[in-house]
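K.L.:
Sequence:
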Amino acid sequence: MNLGCLLPLIDEMPGYRQLLEALFSKNSKKSGVEQRVVVLDEAKPYLLAALHR
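Per my numbering, residue 1 is the first one in the sequence shown, and the count goes up by one each step.
Honestly, the hints are just simulated from the structure, not real lab data.
Distance ranges between label pairs, derived from CB positions:
#: 1; residue 1: L48; residue 2: P14; range: 18 to 24 Å
#: 2; residue 1: L47; residue 2: N2; range: 16 to 22 Å
#: 3; residue 1: L40; residue 2: C5; range: 18 to 24 Å
#: 4; residue 1: K26; residue 2: M1; range: 35 to 41 Å
#: 5; residue 1: E21; residue 2: M1; range: 27 to 33 Å
#: 6; residue 1: V33; residue 2: L7; range: 24 to 30 Å
On a predicted model such as this, the values are computed, not experimentally measured, just so you know.
For glycine and all other residues, C-beta sits at the position ideal for the given N, C-alpha and C.
Model the full structure from these sequences, guided by the hints.
P.N.:
Structure representation (structure tokens):
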């Protein structure tokens, strides 16, 4: 079963876009501050696959 068609759906989620902005903003890279994110165990594979793209 190929679930790859589900990955584009995450791009439409405002929370995911906010997470990307927080993780990859210039300020977060320069400051060296650790970012922590709370993610449900069930959602971790989906989130990691989306971030890996």
